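Engineer: Sequence:
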Amino acid sequence: MEAHRCRFIEFKGAIISSISIKEKQDKNDDSNPTTAAVGLSNGDIQLWINYQVTQWSHTQTIHGSSPGLTSVVWVKDRLFSAGFNGSITEWDLHTLQPSYFPYEEADTLVTGNTGLPPVWCLSVCNAQKAEDSMDIDEQVDAYIAAGCEDGGVRVFAVSKDKPIHLIKTARRSAGRILSVAWRPDGTELACGSASGIVNVWNTRTWKNEEYFQVEVLNVGGSKLKPVWAIAYLPDGTIITGDYRGTITLWDRQTITVLQSFTLHVQDVLALSVSQDGTKIYATGVDSKMIILGKQQEGFVQIGNFRPAQNDIKAIGLSREWLLFGGADGHLYTSSAEPNQKFTRQDIFANARNCFQFVREHNLLVARFYHAREIEVWKLGKRGQKVDLKKIDQGEPVELMENARQIVRIVPQSGSIIYTRMSPDGRYIAYSDAQQFRLLHFREGIETPKRIKKIPEIAASRFVFTLDGKTLLLATLNGDIQVWDVEDANDIRVKKSFTFNEGEEKSIAAEIALHANEQTLAVVTHRRNSLLLVNLKTFKIERVSMRNHITSMRWIDNTLVMVRLNNQLLMYSLGEKRFTPWISNDYQERVLSEHPFFSTPKSPIIGIAEGPSPNKFILYSSSHFIVVNMKQQETIKMYEDFRPMIFLQFAGEQVIVVERPLNELIASQTSVVYRRKVFSKKEGAGKLLPVPNISEPQFATGIGYRLHNQQENMSEDAAWVRIQSNTFRNWANSRLQPRSLEIKDLHRDLGTGVLLINLAEELTKDKMPKYAPTPKMRSQYLDNMNICLNFLKGKGLKLVNIDIVDNNHKIILGLLWSLIQKYQIAAPPATAAGTTAPPSDAGDNARSARRELLLWLQKTVPSANINNFGSDWLSGEAIIKLIGALVPGSTPSGYEQWSPLQRSQWASSYAHREMSIPPVLSPEDFVDSNVDEQSVMTYVAQYKQFVPKTPVEPTPPPREPTPPPPEPVLPPAPTHEQSPTAWWQPTPVNIESFYHLPFSMRSWRNTYLCADEKGKLRLADEADHWEQWRLVRGSQPGLYYLKSWKGTYLCGDANGTPRQAPKPDIWEEWSIYQIKPGKYGLLSYHSTHLSVDDKGKPKIVPHQTMREEWELFFSSTQAFKVSPFVPPAR
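Note that the numbering used here gives residue 998 to position 439 of the sequence shown, counting from 1, and the numbers run on in steps of one.
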């Protein structure tokens, strides 16, 4: 069996920005359970239900039209959302579309604008509580207050069977409104702003009765002192959570501080108060959940826990449940009682229907809901077959062809609902809430072309037939459409019919096509009905169900469905009824007792074809089982792959998409605090850290391991001391040209300054601007982010928080990653004293070790070196290595020396005669506790040693030759020429320089600069901001000029150059020589890049001296001109 374990898919959850809970009204009514709306930053809303006493499950996703969702609220059974797009939207929970058009404020309410400003927060007040204070004539169910970007608060009325409408607009305050809360009796409305101001409004008079500011701290001169969260107690006490990490209780009558709790390290982002007002829940950037309880003397802390490593941005609270989530995308659930265990819901369950494997073309299609994009990957091929056990044991397998991404689709519209590729690989289809799109792959061309002449519809689910000639769609209007797609130039709708009953509208939640392609199974959102559509007669058979179906698949003539609680339903097409699995006794005995079904650790993600026709596979992120439809046999749970987000058998191979938790954590934002877990090690006299996912072998992504997990991991272990000293000495040897030194490896790197200097020395490239003398933790984190993002661009993927917090193992892992890439993986130096750039082997510890070992065996065959441990302890191998590199240097009689004497001589000679620093001390070199990484670090330096060569006598100087005549300047193009005339000058072929950064100096000795505001200007000196790179254009000889910030130089026809976010034909340039060392840049419009008398860049139609530019590349090679023959354009 051949297994493809795909870990290149960067799947992750979207940030949770808001949570709102609708409680179950009748405990005996299971049709209307407690439901939580979880708003995501990408604009989607997930609906979770509490289907059992202790379990929550994700049932539906509402796909938003734009990112930036900030708040979701329930008004009875109606759901509303708002965000930065300037609208408040009500959602139909059956069609998962807007119930009414999103509200847009009239021009008369916001002068000079149409639509609402960006909305930061929403708060709901029950109309019954506010009816005495709000002077409204109509019957209203509730009021919604919206805090906006412009500092104003808008109040909307929610009436039955009507869209919301604006009734009040509160006066604008200083700074955007970040938080808003109603007093429980509806008489007041309080809001917190970004400037630290809290305003209290009387809802009868709409006068600003109170105005106060939270305590202002010195935060680096910033004017932002945000009040992120605000709430009321039943007695009118105001609670604020602010940027200081402080929870403050304010007396409503005197506006004085009753109590203040600074229990958070950084900002408090969310507050919630229990309905009886006896408990306060607060959380924020430090991911700590604080619970305050009311006692006779006031509120005191009664509970705290830290469930996550990243920011927690949202809290949802009901009578029984506490839900929260944030930057890591996980939803956490817990009892509302303090000090209860919490459950982290499986984020990978959201990956349902996100992947598809096209067997015929070996393609993997992935939909990323957090980033709103689609990727198509061509899987790799291996030269030999290896069974799963050997693969799982880490045996290296040589690939004939690596996996590669062939298509990446980033739609410019809303969130992608669904995507599928045809089995023949000709089409890829996807749909958002506005429009369905069909792309066609032409033969021999991997870039698909969008088919524009198709009906303007949107679809929730669709499927291709096996021959790829027919497409079946379930539209968002509740229709089934049959499309003929055999001819890409003639797409036709063959049949269209509705599956809705009367006025009850719904959409398809799941869809499955029978193998005979005559029956289509559809499960709807409304009532969860099962529809069986006969594609010959187009008749619909309706089967009533009361179960939420998460996955379904045809297995032979049986439709297998998975319910929320991991239980199975099977519907026989032949018998037209639900059937038990084999026998009632076996089903009762197996399904009710098997842990995969009875006590699931994670929900079932999908159903896959089995290795034989009678078998199918059920898989979750942690396990999978193989079910035999025909025989009674013991069901075994497999854990070969985890965490899984997709699994499929395809003949003799199995396709598995894995997303290890360490990679998921490394891809997330920086954290303020990382939890340390300690346990009492048996037989030890102190507490030792338990290895977990924050260990370096996971966090760095480079494969670094700190000895065996069972060994002593304490900092006083001998191998840790040796490795620390070696890595520190190596780093200091690289920092020596800058006169910098690391004295304490565990503390000196925390500010990021020394690490930035080390990275610049290793890469020979300049870092973006950073804080050279940081004073605060936030500056440490900023420096570390700058450095590690820079290294990520060089091929290293690292995390930063544990470096700032002086985590010993993470720091060693980081330095080891740098040593591998820039020391061990570097090829041997040539006689000229230069080395090539590091090879790709630096990205893999095993290949770097192997290459170094092969070099040693080739250089010193007599030493018989097979490892970096015992073969070096005698000291003979290092002496033989020096003798091979420097003939005649081997000392006589060294065989009678002790290992320490040999090591001391080798270290002294290499330092004195070969300029190799002794990063590993002679004593540690022959210590039995020395680790392989330390030995490899020291020995790898010998690869860069260049033997001295005799200096040849300098020949006598020759007579000076007269300079060559000035070359004739080729005629410059003019704006009157045809579009192809701009090829007439002799362009310069600079293909060998396309990857090097360079600067462009004008005739005024100034340099072209792309500033951070998106404008072009001229700078007096060339720095990082003035660096450009060449990117190949659509044809040879055409280039895009890419700035340091990723924008492209564009030569508009209106006379002003600018920065463009994306390259197109309008950003293509041709570079031609004017005279030696002087070059011109010609745009698509046959215009030239120039500098006027005032020193500003401009576009001119004619070429003069002011259009001459000097190019300075970051290379020791000369900028040479080679002849170039332009192709036909």
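Heads up, a few of these hints could be off.
[Unchecked claim] Pairs of lysine to aspartate or glutamate, DMTMM-like flavour, derived with a Cα cap of 20 Å:
hint	residue 1	residue 2
1	Lys1098	Glu1060
2	Lys1064	Asp636
3	Lys1637	Glu1669
4	Lys1572	Glu1435
5	Lys1008	Asp1623
6	Lys853	Asp826
7	Lys1653	Glu1580
8	Lys1028	Glu1076
9	Lys1653	Glu1667
10	Lys1502	Glu1320
11	Lys1135	Glu1100
12	Lys727	Glu774
13	Lys937	Glu1005
14	Lys1323	Asp1303
15	Lys721	Asp700
16	Lys1195	Glu1168
17	Lys1502	Asp1623
18	Lys784	Asp794
19	Lys1095	Asp1043
20	Lys1064	Asp1579
21	Lys1054	Asp1038
22	Lys721	Glu769
23	Lys721	Asp651
24	Lys1054	Asp1043
25	Lys1028	Asp1043
26	Lys635	Glu708
27	Lys1008	Asp1046
28	Lys586	Asp794
29	Lys1189	Glu1100
30	Lys571	Glu582
31	Lys719	Asp810
32	Lys1008	Glu896
33	Lys727	Glu708
34	Lys1351	Glu569
35	Lys1604	Glu1571
36	Lys940	Asp1046
37	Lys583	Asp636
38	Lys1502	Glu1454
39	Lys1637	Glu1571
Calculated from the structure, these hints are not laboratory results.
Keep in mind it's a predicted model, so treat the numbers as computed, not measured.
Engineer: Each hint needs a verdict: does it hold in this structure or not?
Structural biologist: Here is how each hint holds up against the structure:
With a C-alpha separation of about 14 Å, the suggested pair lysine 1098 and glutamate 1060 falls inside the 20 Å cut-off, and the hint holds. Between lysine 1064 and aspartate 636, the direct Cα distance comes to roughly 17 Å. Compliance with the 20 Å bound is thereby established for this hinted pair. The straight-line distance between the Cα atoms of lysine 1637 and glutamate 1669 is roughly 5 Å, inside the 20 Å bound, and the hint therefore holds. Taking the CA atoms of lysine 1572 and glutamate 1435, the gap is about 61 Å. The hint is violated against a cut of 20 Å.
This hinted pair checks out: lysine 1008 and aspartate 1623 have alpha carbons roughly 17 Å apart, not beyond 20 Å. The straight-line distance between the Cα atoms of lysine 853 and aspartate 826 is roughly 23 Å, outside the 20 Å bound, and the hint therefore fails. Of the supplied pair hints, the one linking lysine 1653 and glutamate 1580 holds, its CA atoms being roughly 17 Å apart against a limit of 20 Å. Taking the CA atoms of lysine 1028 and glutamate 1076, the gap is about 12 Å. The hint holds against a cut of 20 Å.
Only pairs whose Cα atoms come within 20 Å are accepted, and lysine 1653 paired with glutamate 1667 is accepted, the gap being roughly 16 Å. At most 20 Å may separate the alpha-carbon atoms for a hinted pair to count; lysine 1502 and glutamate 1320 meet this at roughly 19 Å. Only pairs whose Cα atoms come within 20 Å are accepted, and lysine 1135 paired with glutamate 1100 is accepted, the gap being roughly 10 Å. Note on lysine 727 and glutamate 774: the hinted pairing is violated, with a Cα-Cα distance of about 30 Å set against a maximum of 20 Å.
Note on lysine 937 and glutamate 1005: the hinted pairing holds, with a Cα-Cα distance of about 11 Å set against a maximum of 20 Å. A threshold of 20 Å between alpha carbons decides the hint, and for lysine 1323 with aspartate 1303 the separation of about 25 Å lies outside it, so the pair is violated. At most 20 Å may separate the alpha-carbon atoms for a hinted pair to count; lysine 721 and aspartate 700 meet this at roughly 11 Å. Taking the CA atoms of lysine 1195 and glutamate 1168, the gap is near 17 Å; set against the 20 Å cutoff, the hint holds.
For a cut-off of 20 Å, the pair hint linking lysine 1502 to aspartate 1623 is broken: about 45 Å separates their Cα positions. Our distance criterion of 20 Å between C-alpha atoms is broken by lysine 784 and aspartate 794, whose separation comes to about 27 Å. This hinted pair checks out: lysine 1095 and aspartate 1043 have alpha carbons roughly 15 Å apart, not beyond 20 Å. Distance restraint check for lysine 1064 and aspartate 1579: the Cα-Cα separation of roughly 66 Å exceeds the 20 Å cut-off, and the hinted pair is therefore not satisfied.
Proximity of lysine 1054 to aspartate 1038 is assessed by CA-CA distance (about 10 Å); at most 20 Å being required, the pair is judged to hold. In summary, the hint linking lysine 721 to glutamate 769 is not supported, as the alpha carbons are separated by about 34 Å, beyond the 20 Å threshold. For the hint pairing lysine 721 with aspartate 651, the CA-to-CA distance comes to about 13 Å; that is within 20 Å, so the pair holds. Distance restraint check for lysine 1054 and aspartate 1043: the Cα-Cα separation of roughly 9 Å lies within the 20 Å cut-off, and the hinted pair is therefore satisfied.
Of the pairs offered as hints, the one joining lysine 1028 and aspartate 1043 holds, with about 6 Å between alpha carbons and a cut-off of 20 Å not exceeded. The suggested pairing of lysine 635 with glutamate 708 is violated, with an alpha-carbon distance near 27 Å, which exceeds 20 Å. At most 20 Å may separate the alpha-carbon atoms for a hinted pair to count; lysine 1008 and aspartate 1046 meet this at roughly 14 Å. Between lysine 586 and aspartate 794, the direct Cα distance comes to roughly 30 Å. Violation of the 20 Å bound is thereby established for this hinted pair.
Of the pairs offered as hints, the one joining lysine 1189 and glutamate 1100 is violated, with about 27 Å between alpha carbons and a cut-off of 20 Å exceeded. As the CA atoms of lysine 571 and glutamate 582 are separated by approximately 29 Å, the hinted pair breaks the 20 Å bound. With a C-alpha separation of about 37 Å, the suggested pair lysine 719 and aspartate 810 falls outside the 20 Å cut-off, and the hint is violated. In summary, the hint linking lysine 1008 to glutamate 896 is not supported, as the alpha carbons are separated by about 56 Å, beyond the 20 Å threshold.
Taking the CA atoms of lysine 727 and glutamate 708, the gap is near 17 Å; set against the 20 Å cutoff, the hint holds. Annotation: proposed proximity of lysine 1351 to glutamate 569 holds, straight-line Cα distance about 15 Å (limit 20 Å). Proximity of lysine 1604 to glutamate 1571 is assessed by CA-CA distance (about 8 Å); at most 20 Å being required, the pair is judged to hold. The straight-line distance between the Cα atoms of lysine 940 and aspartate 1046 is roughly 32 Å, outside the 20 Å bound, and the hint therefore fails.
Straight-line distance between C-alpha atoms of lysine 583 and aspartate 636 comes to about 10 Å, which keeps the hinted pair within the 20 Å bound. For the suggested pair lysine 1502 and glutamate 1454, the alpha carbons sit about 25 Å apart, so the restraint of at most 20 Å is broken. Distance restraint check for lysine 1637 and glutamate 1571: the Cα-Cα separation of roughly 28 Å exceeds the 20 Å cut-off, and the hinted pair is therefore not satisfied.
Checked against the numbered hints given earlier, this structure breaks hints 4, 6, 12, 14, 17, 18, 20, 22, 26, 28, 29, 30, 31, 32, 36, 38 and 39; the rest are met.
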